[in-house]
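**Q** Residue-level listing of the chains:
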Amino acid sequence: MKRRARLAGLLALPMLWLIGIYIFSLVMLLVTAFWKIDSFTGKVSPGFTLQNFQQLFINPSYLTTSLRTLGIALAVTAISIVVSVPLGIFMAKVASPWLRGLLAASITLPLWAGYLVKVLAMRVTFTEDGFVNWLLAPLGASGPGFGPLTVIITLTYLWLPYMAVPVYTAIRQLPPNLFDASADLGAGAWRTIGAVVLPLIRPAIIAGSIFTFSLSLGDYLVAKFVGKSTQMIGSVIAANITLNPPIAAAFALVPIAFVVIYLVGVQRTGALERM
Amino acid sequence: MRKKILTVSAMAAVAALAFSGCSSTEEPASGGGGDGVKIDAPDLPIQEKLGDYEGEVNIVAWAGYVEDAWTEKFTADTGCVVNRRVAGTSDEMVQLVRTGDYDLLSASGDASLRLIAGGDVQPLNLDLIPHFGDDIAEGIKQQTYDWINGKTYGIPLGRGANILQYDSSVVTETPTSWDITWETDSPYAGKVIAYDAPIYIADAALYLMAHEPDLGIKNPYALDEDQLAAAIDLLKKQNGIVSEYWSDASAQITSFTGGTSVVGTSWEVLRKFTEDDKFKGVVPEEGATGWADAWMMAAKSKNPNCAYAWMDYASSPEVDGAIAMNFGMAPANTAFCDLNDEAKAHCDDYHAKDEAYFKNVWFWTTPVETCLDGRTDVTCTNFQQWTDAWLTVKG
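Chains as they are written, first to last, in my numbering: chain A, 1 to 275; chain B, 276 to 670.
With the rest of the complex left out, here is chain A (with noise of 0.2 Å):
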């Protein structure tokens, strides 16, 4: 009984913050994609009305802007598990001790600088008089300019230490006994990566996936700075929430209902229990 009560009692804090002050006040916002709105003077009224999930059928931007987002999202989660496995199973099996370190340093560096100043330098350097263009001139070729690749690429580069971290603690976790069996059984080192390395460290790729994927559903200012005019869900919310906050809200459930497919996704695979 005392036990409980302690329990009780050590949990009453995280648990107030956790639902008086995160939950509810999420769920007032997405109350409010209920409400009305006066088309006039732009003034929110409590009520109820689906008006506003109507409009996200009729105008068909909402869905190709949701399925640009997943695409994107899923893009770049795709590209950051191409870059962070065989970047961690270099630092963790190949590099000299400094070089590991070295490495390490690296890829936690751009955490040190602030989000917008990261978003902001990629956008001169992808500029029309900017690095990229610069590097590859001499090749006769020029950068991507500003579009959706350019969007996926800042994005990558935002949110790779994000996968690379938990990839790379993951397979320095391995016991090396493993690898000398799976010598000792004839297997190569590509063999080896593909069926000994690759499944013991899924459950870091599907953490690391759960961030990239939604970081990137909901970013908008990547798009805004180096995307010409690409348009995400976060800049259709963005423009919406001071004109039309009953429709953000309401278009807000969307990158809620894909992390919730995903994460039911992930957890049907069984890798959250393994975690």
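Not one of these hints is a red herring.
Between beta-carbon pairs, the in silico distance windows are:
(1) A:Pro14 with B:Ala504: 49 to 57 Å
(2) B:Asp352 with A:Gly9: 56 to 64 Å
(3) B:Asp508 with A:Leu102: 51 to 59 Å
(4) B:Lys577 with A:Ser45: 22 to 30 Å
EDC-like mimics (lysine to aspartate or glutamate), calculated; alpha carbons at most 20 Å apart, straight line:
(5) B:Lys553 with A:Asp129
(6) B:Lys628 with B:Glu617
(7) A:Lys43 with B:Asp315
(8) B:Lys512 with B:Asp460
(9) B:Lys555 with B:Asp454
(10) B:Lys553 with A:Glu128
(11) B:Lys634 with B:Glu561
(12) A:Lys36 with B:Glu644
(13) B:Lys348 with B:Asp327
(14) A:Lys43 with B:Asp663
(15) A:Lys43 with B:Asp376
Below, a sample of chain A positions facing chain B; criterion: calculated Cβ distance under 7 Å:
(16) Ser39
(17) Gly42
(18) Lys228
(19) Leu243
Honestly, the hints are just simulated from the structure, not real lab data. Glycine is no exception: its CB is placed at the ideal position from the N, C-alpha and C atoms.
Assemble chain B onto chain A, guided by the hints.
**A** This is chain B only, laid out in the frame that chain A set:
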């Protein structure tokens, strides 16, 4: 268990889809036509006379409008401490004023109608603002957006046009028309910059006014559904030749200086900040959209006397001119132009007394169902519809 959750969610989704078919439509809130613009606005009392100064005034303003250089003298004279909050968009300003924490705002035309109809700003007593008088430029005095139902809701600050800015090293001949920013065969396709806000639809409508007169557009803010659809089509075509859309001032400047854009819509102040003379600005033959800002007073202002004192102080030639010079626009109070040579040069640069120049400039105003061009046979589209339509431009 999992199957049950999936089934329940699937049924909920189907139910939501089914119900979305049977929701009600909104009733328009504004009143009918008549001369000028009459809208349903709450009847708020006007202050009769000035009382004692309260000691502080809280102002929401655009960057550069409320600066220490002129607030210090104001505080010394009246004892009212000026607390300033800078806002980035009209929509931000509207929201801030609605909190009730502010006394004044420097409203642009696309915010004022919403605030007036919502009962968020109060009508003003011009007797309490002696500096608002004969020297105020004619073109600013009574605009549809601040002379509603026969009352004054705003004290003019200044005005400017959204100019066509171009890189003269690339665009070697001075452009005479906006067509290089709209037509798909423009020689600068791919390097045109456009404004990232629904109010930019008015620029498309302005172009159509001159180039497709059959549409019958008389006022770029008074668009019925067909005219709005035509403007959106033009914007979609433009989307193919655009380099990017701007809403952030520094991003726009880097777009020009970085070479990403060579031509597009801009403000005089941004052209000045490129700090490169090769960027020039012009108002083409079709005219331009623009903005005219005015001080408005919150309905629930806690410091009304200091607020009136500020409006009077800011309307004086020296202060209005200082604000206009800082921001780079034409001052409302033309008496400023006669103060000294520097002032005269500024007024000439920004066409302060040139009413002919501003005849072609359509100031930002909120599109409403009551057609601003006076038509009573159709319902015009309102700003919500513009916002919804704007989303389809970028796809």
